[in-house]
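2 protein chains.
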Amino acid sequence: MIITSLENNKIKSISKLNKKKYRDIEAKFIVEGEHLVLEAYKKGCLEEVLMLENYQLKLNIPSTLVSKEVMSKLSELDTPSNIIGICKKEDKNEIIGNKILILDEIQDPGNLGTIIRSAVAFNIETIILTENTVDLYNSKVIRATQGMLFHINIISMNGLIAIKKLKEKNIPIYGTDVNNGSNVCNLTKEEKEKFALVMGNEGNGVRPIIKDLCDKNLYISMNKNVESLNVAIATSILLYELGR
Amino acid sequence: MIITSLENNKIKSISKLNKKKYRDIEAKFIVEGEHLVLEAYKKGCLEEVLMLENYQLKLNIPSTLVSKEVMSKLSELDTPSNIIGICKKEDKNEIIGNKILILDEIQDPGNLGTIIRSAVAFNIETIILTENTVDLYNSKVIRATQGMLFHINIISMNGLIAIKKLKEKNIPIYGTDVNNGSNVCNLTKEEKEKFALVMGNEGNGVRPIIKDLCDKNLYISMNKNVESLNVAIATSILLYELGR
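Which chain is which? The protein sequence lines are Y and X, in order.
Numbering-wise (our numbering), the first sequence opens with residue 1 and increments by one.
Numbering-wise (our numbering), the second sequence opens with residue 245 and increments by one.
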């Protein structure tokens, strides 16, 4: 059987997952395209898939065939994929490891997704998303992670509480400061073994209330004509250096 | 006098500059917001500005007041700026300096803009955009550069011709290769003084015809779970290392 009606109850309810409100209520989210579906499947959080009639992918989970029109309704892409997956959110809230990244009010979905991809590349163990950070399960974020969100511990936590917990674990907090910071390439091996790097909002940077709690501030050496780098770029370069 | 009509000829002709075809014909482009307008003004390529009635900015060039409705028509932003500027394109075609970045078929405007910002930060002297690279004067590219497009020599050139010219200048061409490359952090000081780094399309990488001409391939050391980084991130980290 193929679902062809846009008014089908199952389709209407899945379509709602394109809104954060419903993702929060249902504790589910959508991934689009075979690569992301397979990453979610490997991770064990894929609950079911919907695919076009002529599409071939055998997975050990419930599968539903849908028409192109239905896929277009569910998809957030201009050119919809052949397959989408419904995943259950994992309920994570524990800070794991000694290499932590705190993202404070990052707003752009592409930036968040790209940063997650880089964080996995440079062996970060936990990413903490503070209040007012863009939703991790936004489709643009998921696409920009290239599936890497399934390879790292990502939790949501109030920024001040997170820093308190990290200080209790004796993990030093690193902020950024172009004027009064240390050049990141001069950090010692010891300083790179255990840290929580805080990166802030695209326009405003890290909130002062959080910045005041940093134990050390870092900067990236660059041409004086440039005030700042894109936040995803700056974060990735800092993580690259911290991982050297 | 304030222009309030969307049918005004001047407005209709400026509005066309939101399309590449007309930017090419007129050799002009639009910048939006005070920061970009001022950067263009300092660079001497700002020809005129259009601003809202209550907006204050005195520049030594022609200025026209427009209504909010007219500004909305000209703007590419959801929340239009108070001011836009019309700039003339500079006719550049010379490869300057010993630190060159070649962008081969980069498609995403945000990636191109962000890469330009990073290239200025890490002292690249010329950026070469090959055929089929997204238009430099696309509004999303310009915004993502944060005005840095006015601080660097950017030229458009056929990729093969560019590489031929660079080889004539004895500038070594660096590509990227995760499997058969050299770790970028092991480059010698000499290898960082003179180079042309080629970075490719988001999905397909550098075209084989270009890749075959590279003198050396580089890679960034990272976690094995990650196949690749976002192209703007990878470019920025490579340029950061090449600039150390």
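Hint data in this document are derived by calculation from the structure and do not stem from the laboratory.
Among the clues, some could well be false.
[Stated by the list, open to error] SDA-like, lysine to any residue: derived pairs with alpha carbons at most 20 Å apart:
no. : chain 1 : residue 1 : chain 2 : residue 2
1   : X       : K333      : X       : E297
2   : X       : K332      : Y       : K224
3   : Y       : K42       : X       : N467
4   : X       : K468      : Y       : Q146
5   : Y       : K43       : X       : K254
6   : Y       : K224      : X       : N469
7   : X       : K468      : Y       : K224
8   : X       : K254      : X       : E297
9   : X       : K265      : X       : T432
10  : Y       : K42       : X       : E471
[As the list claims (entries may be wrong)] Okay, the calculated bits of chain X under chain Y, using three or more residues with CB under 8 Å as the criterion:
no. : stretch
11  : 270–276
12  : 398–408
13  : 453–463
[Said to hold, decoys possible] Among chain X residues calculated to face chain Y with C-beta under 8 Å, some are:
no. : residue
14  : S316
15  : C429
16  : L431
Predicted, not measured: the structure shown is a model, and the values here were computed from it.
Cβ coordinates follow ideal geometry from the N, Cα and C atoms, glycine included.
Taking the hints in turn, this is what the structure says about them:
no.: 1; hint: X:K333 - X:E297; in the structure: violated (27 Å)
no.: 2; hint: X:K332 - Y:K224; in the structure: violated (26 Å)
no.: 3; hint: Y:K42 - X:N467; in the structure: holds (18 Å)
no.: 4; hint: X:K468 - Y:Q146; in the structure: holds (14 Å)
no.: 5; hint: Y:K43 - X:K254; in the structure: violated (57 Å)
no.: 6; hint: Y:K224 - X:N469; in the structure: violated (36 Å)
no.: 7; hint: X:K468 - Y:K224; in the structure: violated (35 Å)
no.: 8; hint: X:K254 - X:E297; in the structure: holds (17 Å)
no.: 9; hint: X:K265 - X:T432; in the structure: violated (44 Å)
no.: 10; hint: Y:K42 - X:E471; in the structure: holds (16 Å)
no.: 11; hint: 270–276; in the structure: violated (count 0)
no.: 12; hint: 398–408; in the structure: violated (count 0)
no.: 13; hint: 453–463; in the structure: violated (count 0)
no.: 14; hint: S316; in the structure: violated (22 Å)
no.: 15; hint: C429; in the structure: holds (7 Å)
no.: 16; hint: L431; in the structure: violated (14 Å)
Checked against the numbered hints given earlier, the structure breaks hints 1, 2, 5, 6, 7, 9, 11, 12, 13, 14 and 16 and satisfies all the rest.
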